[in-house]
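A.B. asks: Please model the complete structure; the sequences and the hints are all you need to start from.
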Amino acid sequence: MNDKKIVAVLCDHGCRNGSKIKYDELKTNLKKSEVIEDFLLVNKACDSGVEFLDAYKGRKILFGGCSLLEERGIYSKIKERLGLKNGEFRSFDVKADLYDLYPDKVNLEELLVCKILSMGTLLYHAEPYEEERIKPAEGILVYGDGITALRTARALAEEDISVEVLETGEQFLSPGLFSQHFGRPDQRGLSSVVSADERRKSERNRVAGFKNVRFLPSDAFLSFETVEDGFVFTFKSGEKRKFGTVVIAPEREEEQSRETGALNLTDLYGKIVCGEPLKGEVVFLLDYAADTSPEVFKDVLLAGKYIKRRFASEVRILMKNAKVSVSGAQELYDECREQGIIFFKYLEDLTLKNNYGDFEIEGTDLYTGDKFLIKEPDILVIPGRSILSPRSKNFAEALELLTISDRYPQPDSLWRLPNETNRPGVFVAYPTGDNSIASLLFSVRARLSTAGIAVNEHIPVVDEDKCVYCLTCVRVCPFKAMTTDSESRVAKVLRTVCQGCGSCAAECPAEAIQLRNLTGESLYQGIRALG
Amino acid sequence: MSSNSVCIIGAGISGLTVANNLVNAGIEVTLVERNPYPGGRALFYGCKASDSCVHCGVCLIREAVMNFRRTHNIKSQFSSELTGFSRSNGEGILLEIETHPNIIDWRLCTECGKCIEACPENAVKIAPGWKYYVDSGCNDCGKCVDVCPEGAIALKRESMRESIHADCLVIASGFKPFDPSVNRKWSYGESPRIITGSDLEELFYTENYLPGVVKKSDCKRIAFLQCVGSRNVTEGGEYCSRVCCAYALQMAGRLKDEFPHTEIDFYYMDIQHFGKDFESFFGDVSRKVNFINSNPITFSVDRADRPVVRYESITEQKDKEEAYDLVVLSNGIAPGDKNEALAKMTGLSLDKSGFLYAMNGMGGVFVTGACKQPMRIEDCIEDATGVTGEVLSYLEERVQVK
Ligand SMILES: Cc1cc2nc3c(=O)[nH]c(=O)nc-3n(C[C@H](O)[C@H](O)[C@H](O)COP(=O)(O)OP(=O)(O)OC[C@H]3O[C@@H](n4cnc5c(N)ncnc54)[C@H](O)[C@@H]3O)c2cc1C
Ligand code: SF4
Ligand code: SF4
Ligand code: SF4
Ligand code: SF4
Ligand code: SF4
Numbered sequence: 001m002n003d004k005k006i007v008a009v010l011c012d013h014g015c016r017n018g019s020k021i022k023y024d025e026l027k028t029n030l031k032k033s034e035v036i037e038d039f040l041l042v043n044k045a046c047d048s049g050v051e052f053l054d055a056y057k058g059r060k061i062l063f064g065g066c067s068l069l070e071e072r073g074i075y076s077k078i079k080e081r082l083g084l085k086n087g088e089f090r091s092f093d094v095k096a097d098l099y100d101l102y103p104d105k106v107n108l109e110e111l112l113v114c115k116i117l118s119m120g121t122l123l124y125h126a127e128p129y130e131e132e133r134i135k136p137a138e139g140i141l142v143y144g145d146g147i148t149a150l151r152t153a154r155a156l157a158e159e160d161i162s163v164e165v166l167e168t169g170e171q172f173l174s175p176g177l178f179s180q181h182f183g184r185p186d187q188r189g190l191s192s193v194v195s196a197d198e199r200r201k202s203e204r205n206r207v208a209g210f211k212n213v214r215f216l217p218s219d220a221f222l223s224f225e226t227v228e229d230g231f232v233f234t235f236k237s238g239e240k241r242k243f244g245t246v247v248i249a250p251e252r253e254e255e256q257s258r259e260t261g262a263l264n265l266t267d268l269y270g271k272i273v274c275g276e277p278l279k280g281e282v283v284f285l286l287d288y289a290a291d292t293s294p295e296v297f298k299d300v301l302l303a304g305k306y307i308k309r310r311f312a313s314e315v316r317i318l319m320k321n322a323k324v325s326v327s328g329a330q331e332l333y334d335e336c337r338e339q340g341i342i343f344f345k346y347l348e349d350l351t352l353k354n355n356y357g358d359f360e361i362e363g364t365d366l367y368t369g370d371k372f373l374i375k376e377p378d379i380l381v382i383p384g385r386s387i388l389s390p391r392s393k394n395f396a397e398a399l400e401l402l403t404i405s406d407r408y409p410q411p412d413s414l415w416r417l418p419n420e421t422n423r424p425g426v427f428v429a430y431p432t433g434d435n436s437i438a439s440l441l442f443s444v445r446a447r448l449s450t451a452g453i454a455v456n457e458h459i460p461v462v463d464e465d466k467c468v469y470c471l472t473c474v475r476v477c478p479f480k481a482m483t484t485d486s487e488s489r490v491a492k493v494l495r496t497v498c499q500g501c502g503s504c505a506a507e508c509p510a511e512a513i514q515l516r517n518l519t520g521e522s523l524y525q526g527i528r529a530l531g
Numbered sequence: 001m002s003s004n005s006v007c008i009i010g011a012g013i014s015g016l017t018v019a020n021n022l023v024n025a026g027i028e029v030t031l032v033e034r035n036p037y038p039g040g041r042a043l044f045y046g047c048k049a050s051d052s053c054v055h056c057g058v059c060l061i062r063e064a065v066m067n068f069r070r071t072h073n074i075k076s077q078f079s080s081e082l083t084g085f086s087r088s089n090g091e092g093i094l095l096e097i098e099t100h101p102n103i104i105d106w107r108l109c110t111e112c113g114k115c116i117e118a119c120p121e122n123a124v125k126i127a128p129g130w131k132y133y134v135d136s137g138c139n140d141c142g143k144c145v146d147v148c149p150e151g152a153i154a155l156k157r158e159s160m161r162e163s164i165h166a167d168c169l170v171i172a173s174g175f176k177p178f179d180p181s182v183n184r185k186w187s188y189g190e191s192p193r194i195i196t197g198s199d200l201e202e203l204f205y206t207e208n209y210l211p212g213v214v215k216k217s218d219c220k221r222i223a224f225l226q227c228v229g230s231r232n233v234t235e236g237g238e239y240c241s242r243v244c245c246a247y248a249l250q251m252a253g254r255l256k257d258e259f260p261h262t263e264i265d266f267y268y269m270d271i272q273h274f275g276k277d278f279e280s281f282f283g284d285v286s287r288k289v290n291f292i293n294s295n296p297i298t299f300s301v302d303r304a305d306r307p308v309v310r311y312e313s314i315t316e317q318k319d320k321e322e323a324y325d326l327v328v329l330s331n332g333i334a335p336g337d338k339n340e341a342l343a344k345m346t347g348l349s350l351d352k353s354g355f356l357y358a359m360n361g362m363g364g365v366f367v368t369g370a371c372k373q374p375m376r377i378e379d380c381i382e383d384a385t386g387v388t389g390e391v392l393s394y395l396e397e398r399v400q401v402k
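Protein sequences appear in the order of chains R and P. For the first sequence, the residue numbers in our numbering are 1 to 531. For the second sequence, the residue numbers in our numbering are 1 to 402.
Since the hints were made in silico from the structure, they are not lab data. Some clues are possibly wrong.
[To be verified] Taking lysine-lysine pairs in the DSBU-like style, the calculated list, with each CA pair at most 30 angstroms apart, reads: (1) R:Lys-22 <-> P:Lys-114; (2) R:Lys-320 <-> P:Lys-256; (3) R:Lys-480 <-> R:Lys-240; (4) P:Lys-256 <-> P:Lys-220; (5) R:Lys-320 <-> P:Lys-220; (6) R:Lys-320 <-> R:Lys-271; (7) P:Lys-288 <-> P:Lys-185; (8) P:Lys-276 <-> R:Lys-480; (9) P:Lys-156 <-> P:Lys-185; (10) P:Lys-185 <-> R:Lys-320; (11) R:Lys-305 <-> P:Lys-276; (12) R:Lys-5 <-> R:Lys-32; (13) R:Lys-44 <-> P:Lys-75; (14) P:Lys-75 <-> R:Lys-85; (15) R:Lys-44 <-> P:Lys-114; (16) P:Lys-276 <-> R:Lys-320; (17) P:Lys-215 <-> P:Lys-276; (18) P:Lys-143 <-> R:Lys-320; (19) P:Lys-75 <-> R:Lys-77; (20) R:Lys-305 <-> P:Lys-352; (21) P:Lys-216 <-> R:Lys-371; (22) R:Lys-353 <-> R:Lys-279; (23) P:Lys-114 <-> R:Lys-27; (24) P:Lys-256 <-> P:Lys-276; (25) R:Lys-320 <-> P:Lys-288; (26) R:Lys-375 <-> R:Lys-305; (27) P:Lys-216 <-> P:Lys-320; (28) R:Lys-44 <-> P:Lys-288; (29) R:Lys-371 <-> P:Lys-318; (30) R:Lys-44 <-> P:Lys-156; (31) R:Lys-308 <-> P:Lys-352; (32) R:Lys-320 <-> P:Lys-320; (33) P:Lys-352 <-> R:Lys-320; (34) P:Lys-320 <-> R:Lys-79; (35) P:Lys-185 <-> R:Lys-44; (36) P:Lys-276 <-> R:Lys-393.
C.D. replies: Set out below in structure tokens:
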């Protein structure tokens with residue numbers, strides 16, 4: 001414990017209602033407390049300079065003011081001038097933290113006394129600490145086999161960052177982005193259609209040409225463990241390697257068609273790549289096995305247009321909605337209609353009969369209200385749901401990433417940096433958007449360039465003698481920051497991962513966990529001080 | 001001369017994201033914003049969470065504004081516009097910025113709120129997460145000047161012109177919501193019961209959800225009309241605006257929760273996918289909303305002043321008419337009105353719909369956000385993060401060349 005007492009300072013400028021405060025009353029009440037040595041009132045702390053605090057060198061300071069003080073850097077000036085460490089200074093926003101939270105009826109002095117006493121008591125008990133930062137380990141692992149993983153690896157390598165690529169060993173044509181697989185037929189002419197596989201191979205050769213890229217033997221990893229500065233992978237060879245950063249470029253896979261005899265898009269691409277003629281009547285049935293996404297819709301348009309031109313086939317596209325919300329899709333849709341591709345928007349009453357590969361589709365067209373019947377088309381394509389490939393999914397699960405359904409290794413789409421996951425240091429690369437690789441690069445560089453990850457002020461301290469190694473804390477930590485340590489048989493916290501939420505301390509049956517600078521004792525005393 | 005300075009035009013979510021990212025990377029940033037506050041169009045949108053968050057992204061803007069406030073090393077010029085652009089011989093870019101200062105000097109304002117009480121015209125406004133400003137309703141009475149304890153208010157302020165130097169220019173000037181009053185078809189303005197999606201967003205922001213004329217107790221039927229100003233060259237843009245299916249469905253879901261007895265009809269052409277958890281969201285909302293796949297033919301106002309929608313019912317094979325208490329025109333994204341001028345000044349080109357065509361990095365000029373194509377907030381954040389990366393690479397290369 002430490003006996004530096006608290007000097008509480010309050011900015012009493014008119015702008016914050018402060019002028020209504022009965023200063024004397026406040027001071028008398030605060031002086032009763034054991035932890036508050038003095039109480040000062042300043043007018044316009046934002047303009048008055050911080051020299052007046054020189055008389056209080058060696059004390060801890062608790063400052064109540066408005067948001068301008070932080071905005072104008074006054075708090076950092078105070079800390080600097082008085083040489084205050086973390087754990088020796090705290091501030092609160094009088095308006096946001098107090099007045100806005102309570103209706104006018106409440107007595108201002110009482111509110112302030114409560115706030116100052118509770119925060120003051122916590123500050124009184126706080127241990128000063130140097131801010132600790134842990135730098136992520138070197139080394140980046142890129143997981144994935146597809147073009148996105150390879151492009152990511154290349155982009156990093158071009159920035160002089162060493163990468164290791166762990167391939168999945170699954171080499172299939174992933175659905176989506178026909179334009180990526182085949183180039184844009186209308187821009188480059190049909191003759192220059194390049195298959196995805198060739199493009200992947202050539203990209204791989206290019207990437208392999210970089211000195212700072214290493215390919216790990218595919219499927220080589222056995223297990224992995226989170227440590228404070230990264231992730232340790234154990235490979236089949238017995239080798240252990242630590243990576244500070246992991247990028248997962250999840251391969252996506254299209255579900256197989258449930259109708260025997262019907263193709264999914266992946267099958268169709270296979271046929272195109274092999275140069276099989278796709279003659280006769282080609283029917284695409286969208287929004288059937290799965291709601292078609294805009295990217296897939298655009299792919300279908302491109303494929304349809306290609307087939308129509310290349311083989312002069314009859315192309316029909318059956319759908320519920322035209323998903324035109326990606327760049328250029330609306331134009332392409334209009335173009336396809338002009339070129340004689342026939343679109344049906346079908347109603348709920350659609351039926352599909354499958355007689356060993358001979359199909360019959362019957363439905364009502366929404367535009368005309370007419371019934372239509374398509375009998376035995378030569379080729380029926382039913383795009384499937386696009387899901388994470390099994391190995392990508394396993395990998396994401398091994399890393400304990402939260403996923404959205406079975407499609408995205410991110411808990412939701414609202415992260416500050418779009419490539420972040422719930423695990424600090426693990427990023428996701430998506431093949432969407434023009435800028436997705438660039439934004440991933442930014443996230444990775446930001447991680448590499450920081451002075452390190454700051455350790456939370458309130459990380460738990462586990463009492464070795466009390467811990468019974470029940471692992472309750474490991475289960476309850478929402479951030480997966482608690483781990484086991486089988487040698488000492490005491491729960492161990494990963495300091496870079498812990499957010500100081502306190503769940504572990506609250507749940508520990510042996511009461512073995514205290515949070516740094518937030519002890520039960522100080523809270524209790526704080527409450528008692530309020531009397 | 002500092003070797004790394006970046007000027008950003010527009011402090012919407014895109015501009016703020018770039019600014020916050022660059023400052024974290026140690027780059028000097030000047031932010032030029034036309035409004036007297038940061039946040040852009042979406043600052044006055046409302047939360048659309050029903051039982052749980054629907055990921056509309058609006059709160060991310062407030063967060064970006066708060067972050068920006070805490071970063072005292074961004075130089076910001078509000079109420080300012082870019083008026084001149086020239087290249088200074090191998091030394092980057094020279095920009096001319098014109099400022100028409102707001103009546104309230106945001107640098108001095110401490111948000112005490114005295115002026116808002118004093119103003120008889122309700123012309124003093126607060127921008128969420130930011131400070132007070134005065135809008136065009138001000139009649140120069142000067143009452144606020146007298147009460148401001150900070151001396152932050154002055155009725156007449158001189159415009160200023162300033163030249164600044166930058167290594168890079170990032171344009172994040174955003175979009176303009178499509179205005180349906182350009183076409184009589186929509187009857188916008190003819191009845192207070194016909195409002196746009198933008199209007200409804202503002203009502204959501206104030207948590208009123210319905211315009212004053214519509215009584216909460218007897219609001220029985222609401223209609224949403226999709227693709228207003230989009231996907232139709234004669235009435236707006238040819239492109240799909242990409243945001244309106246999302247916000248309209250999210251708002252419809254919220255309205256149904258707020259007023260369970262109200263019936264909501266949703267007239268649409270096609271429903272677009274959005275967000276990573278679209279499927280579960282859509283499943284939820286389709287239980288709350290009746291979908292009508294039709295583009296209304298005409299629009300009128302009946303004797304009780306209720307809007308009437310006439311449309312072709314496909315299921316029943318005939319034209320039908322329905323009267324509503326409220327009609328929402330889901331207006332889309334139109335190119336910003338300054339796009340042409342900006343393109344001319346900086347040498348960028350426009351695409352055929354009028355959005356800025358991005359050849360990022362050419363001569364140190366970058367484009368991001370809704371000024372280059374319709375985007376939702378989360379897409380803006382991703383795009384702006386990527387552009388930040390490109391800006392950083394560009395600056396590094398420049399230093400190496402030197
Ligand atoms: C009705 C409606 C509802 C929407 N609802 C949602 C929603 O719920 N969720 C969602 O994700 N998206 C929604 N959107 C889309 C969202 O508004 C945009 O994605 C977002 O606002 C774009 O941000 P931005 O920063 O690119 O542009 P803006 O928000 O437009 O910001 C651009 C800024 O640049 C400034 N500026 C412009 N020109 C100049 C100049 N010459 N000099 C200086 N400054 C300039 C402007 O004043 C503005 O502050 C909606 C759109 C509409 C039309
Ligand atoms: S919950 Fe408590 S007793 Fe159980 S392992 Fe964690 S620290 Fe030890
Ligand atoms: S304080 Fe919270 S985040 Fe930290 S280890 Fe405990 S439960 Fe996990
Ligand atoms: S619904 Fe929108 S504004 Fe509300 S919490 Fe979710 S993302 Fe934020
Ligand atoms: S009176 Fe002055 S300080 Fe107070 S809110 Fe208005 S402008 Fe800001
Ligand atoms: S997002 Fe929906 S409402 Fe908006 S233009 Fe596209 S299809 Fe129409």
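A.B. asks: Evaluate each hint against the coordinates.
C.D. replies: Hint-by-hint comparison with the structure:
1. R:Lys-22 <-> P:Lys-114: holds (21 angstroms)
2. R:Lys-320 <-> P:Lys-256: Holds, because 25 angstroms separates the two Cα atoms, which is no more than 30 angstroms.
3. R:Lys-480 <-> R:Lys-240: Holds, at roughly 22 angstroms.
4. P:Lys-256 <-> P:Lys-220: Distance of about 11 angstroms is within 30 angstroms: holds.
5. R:Lys-320 <-> P:Lys-220: holds (29 angstroms)
6. R:Lys-320 <-> R:Lys-271: Given pair Lys-320 (chain R), Lys-271 (chain R) holds - Cα atoms ~26 angstroms apart, limit 30 angstroms.
7. P:Lys-288 <-> P:Lys-185: Since the Cα atoms of Lys-288 (chain P) and Lys-185 (chain P) sit roughly 28 angstroms apart, the hinted pair holds (cutoff 30 angstroms).
8. P:Lys-276 <-> R:Lys-480: With a Cα-Cα distance of about 24 angstroms, the restraint between Lys-276 (chain P) and Lys-480 (chain R) holds, given a limit of 30 angstroms.
9. P:Lys-156 <-> P:Lys-185: Violated, because 42 angstroms separates the two Cα atoms, which is more than 30 angstroms.
10. P:Lys-185 <-> R:Lys-320: At roughly 27 angstroms apart (the allowed maximum being 30 angstroms), Lys-320 (chain R) and Lys-185 (chain P) satisfy the hint.
11. R:Lys-305 <-> P:Lys-276: Satisfied, since the Cα-Cα distance of roughly 28 angstroms is no more than 30 angstroms.
12. R:Lys-5 <-> R:Lys-32: holds (13 angstroms)
13. R:Lys-44 <-> P:Lys-75: holds (23 angstroms)
14. P:Lys-75 <-> R:Lys-85: The hint holds at about 29 angstroms.
15. R:Lys-44 <-> P:Lys-114: holds (17 angstroms)
16. P:Lys-276 <-> R:Lys-320: holds (20 angstroms)
17. P:Lys-215 <-> P:Lys-276: violated (36 angstroms)
18. P:Lys-143 <-> R:Lys-320: At roughly 60 angstroms apart (the allowed maximum being 30 angstroms), Lys-320 (chain R) and Lys-143 (chain P) break the hint.
19. P:Lys-75 <-> R:Lys-77: Judged against 30 angstroms, a Cα distance of about 20 angstroms means the pair holds.
20. R:Lys-305 <-> P:Lys-352: Holds - the C-alpha atoms of Lys-352 (chain P) and Lys-305 (chain R) are around 23 angstroms apart, at most 30 angstroms.
21. P:Lys-216 <-> R:Lys-371: Given that 30 angstroms is the threshold and the Cα spacing comes to 43 angstroms, the pair is violated.
22. R:Lys-353 <-> R:Lys-279: Judged against 30 angstroms, a Cα distance of about 22 angstroms means the pair holds.
23. P:Lys-114 <-> R:Lys-27: Holds, at about 28 angstroms.
24. P:Lys-256 <-> P:Lys-276: holds (23 angstroms)
25. R:Lys-320 <-> P:Lys-288: This hinted pair holds, its Cα atoms lying about 19 angstroms apart.
26. R:Lys-375 <-> R:Lys-305: Distance ~22 angstroms between Lys-375 (chain R) and Lys-305 (chain R) Cα, so the pair holds.
27. P:Lys-216 <-> P:Lys-320: Roughly 26 angstroms separates the two Cα atoms, so the pair holds.
28. R:Lys-44 <-> P:Lys-288: The given pair, whose Cα atoms are some 53 angstroms apart, is violated under the 30 angstroms limit.
29. R:Lys-371 <-> P:Lys-318: Holds. Lys-371 (chain R) to Lys-318 (chain P) sits at ~16 angstroms (cutoff 30 angstroms).
30. R:Lys-44 <-> P:Lys-156: Answer holds: Lys-44 (chain R) to Lys-156 (chain P) is near 26 angstroms, not above 30 angstroms.
31. R:Lys-308 <-> P:Lys-352: Roughly 27 angstroms between the alpha carbons, so the hint for Lys-308 (chain R) and Lys-352 (chain P) holds.
32. R:Lys-320 <-> P:Lys-320: Holds, at roughly 22 angstroms.
33. P:Lys-352 <-> R:Lys-320: This hinted pair holds, its Cα atoms lying about 29 angstroms apart.
34. P:Lys-320 <-> R:Lys-79: violated (71 angstroms)
35. P:Lys-185 <-> R:Lys-44: Distance ~57 angstroms between Lys-185 (chain P) and Lys-44 (chain R) Cα, so the pair is violated.
36. P:Lys-276 <-> R:Lys-393: Status holds; Cα separation ~16 angstroms.
Of the numbered hints stated above, those contradicted by the structure are hints 9, 17, 18, 21, 28, 34, 35, listed in ascending order.
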